[in-house]
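Novice: In order, the protein sequence lines correspond to chains F and H.
Just so you know, we're using the working numbering here: the first sequence kicks off at 618 and counts up by one.
Just so you know, we're using the working numbering here: the second sequence kicks off at 677 and counts up by one.
One thing to keep in mind: the hints can contain errors.
Here are the simulated BS3-like cross-link-like pairs (lysine-lysine), alpha carbons at most 30 Å apart as the crow flies [stated by the list, open to error]:
#1 K679/H x K756/F
#2 K746/F x K679/H
#3 K679/H x K706/F
FYI, nobody ran anything at the bench for these hints, they're computed from the structure.
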Amino acid sequence: MKTSAVISLFALLACVFFSNAYAAKDRYEFDDPAQREVFLKLTAELRCPMCQNQNIADSDAMIAQDMRRKVFRLLQQGKSEQEVINFMKSRYGDFIYYQPPVTIGTIWLWLLPVTFAVIALALLVFRKKQQRVDNSAEKLAQAERILNQDKQ
Amino acid sequence: MRKITLLSLPLIGFCLLIVFLYKGLFSDPRALDSQISNQPVPQFTLPDLLDSNITYTPDVFKNKVTILNVWGVWCITCAIELPYLTQLKETQNVRFVGLYFDQDLDPDFGEKSLPQIQQEVKTMLSKYGNPYEFNIFDIARETALDLGVTGAPEHFLIDKSGVVRMHHVGDINERVWQNKLKPVYQTLLQEPDRRFSGEN
Numbered sequence: 618m619k620t621s622a623v624i625s626l627f628a629l630l631a632c633v634f635f636s637n638a639y640a641a642k643d644r645y646e647f648d649d650p651a652q653r654e655v656f657l658k659l660t661a662e663l664r665c666p667m668c669q670n671q672n673i674a675d676s677d678a679m680i681a682q683d684m685r686r687k688v689f690r691l692l693q694q695g696k697s698e699q700e701v702i703n704f705m706k707s708r709y710g711d712f713i714y715y716q717p718p719v720t721i722g723t724i725w726l727w728l729l730p731v732t733f734a735v736i737a738l739a740l741l742v743f744r745k746k747q748q749r750v751d752n753s754a755e756k757l758a759q760a761e762r763i764l765n766q767d768k769q
Numbered sequence: 677m678r679k680i681t682l683l684s685l686p687l688i689g690f691c692l693l694i695v696f697l698y699k700g701l702f703s704d705p706r707a708l709d710s711q712i713s714n715q716p717v718p719q720f721t722l723p724d725l726l727d728s729n730i731t732y733t734p735d736v737f738k739n740k741v742t743i744l745n746v747w748g749v750w751c752i753t754c755a756i757e758l759p760y761l762t763q764l765k766e767t768q769n770v771r772f773v774g775l776y777f778d779q780d781l782d783p784d785f786g787e788k789s790l791p792q793i794q795q796e797v798k799t800m801l802s803k804y805g806n807p808y809e810f811n812i813f814d815i816a817r818e819t820a821l822d823l824g825v826t827g828a829p830e831h832f833l834i835d836k837s838g839v840v841r842m843h844h845v846g847d848i849n850e851r852v853w854q855n856k857l858k859p860v861y862q863t864l865l866q867e868p869d870r871r872f873s874g875e876n
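Isolated chain F (complex conformation) (with noise of 0.2 Å):
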């Protein structure tokens, strides 16, 4: 028990440790600095379509592989970081790129948190507009009754 406890440990420090050490073992070289720029950028936004939640610079999976070749070689054919982002979306769809596009399924992912605050808000305030009257209408059927009460 022990010693899985410490086994375990020691993997969570290793991935703490290690995440960061980027898995790319092939070189690309470029000739000129600001492609390298691109080609940095692009690996570290597309995402890998076999190990989810890790972008492909991260990857060692040979989808990932493939994948940092492609954008390299495109890069190298002269196509832009949009083109590039183009040809992987027309291939593996809008998920190979962490920026999810707005559009009819996904503009709840902004509009929800909004609405859900603007009725909370709205809710809050018609409350307590309506505890305000309540109260005194309680009252004031308070002091009539003792009036009353005192009058007999």
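Add chain H to chain F, keeping to what the hints say.
Specialist: Only chain H this time, still in chain F's reference frame:
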């Protein structure tokens, strides 16, 4: 009465959340929307796996319903489905074409020579059965990338005009065949020969 409606709002919200999360239990996060469905097979010119003198283009899908099977000897699930695929070929005359790729870019496997790969393929097919009419060798894995392949095994159900009609990720077994692929496969067989998508 209004109070009841107001009070039931959180309950309704909770129920909606339950439905949403319950559906999530059965959704597969790995299932991606295939982009290739209803698109013609991408252009390629690739050699035969066992005989480099033969070259294939998308013309091989002309006027025949084909299941293009992405596989490799390194893929364990592929070995498991091979006997079933062979059985489908023998009993139902299903046309399987292999799209073979190797992992020679993988540091753990290293570079392999072509005769070595061919020998491995022959050994594996004689051991588990050979459902393939022939195997296309996707040397640089470019065609696999164009098809949106993420691993192996994957299957593409291609109609008589060379259009991908279904992309199935994972193996084919009795259950998958009966429920998912066979119904579509049979409707594709009924379709008349059409103008091939490669011809303009």
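Novice: Could you run down the list of hints and mark each one as holding or not?
Specialist: Here is how each hint holds up against the structure:
1. Taken as a hint, the K679/H and K756/F pair is honoured in the structure, with Cα atoms around 21 Å apart against an allowance of 30 Å.
2. About 15 Å separates the Cα atoms of K746/F and K679/H, which keeps this hinted pair within 30 Å; it holds.
3. Using a Cα cut-off of 30 Å, the hinted pair K679/H and K706/F is violated, with the two alpha carbons roughly 50 Å apart.
Checked against the numbered hints given earlier, this structure breaks only hint 3.
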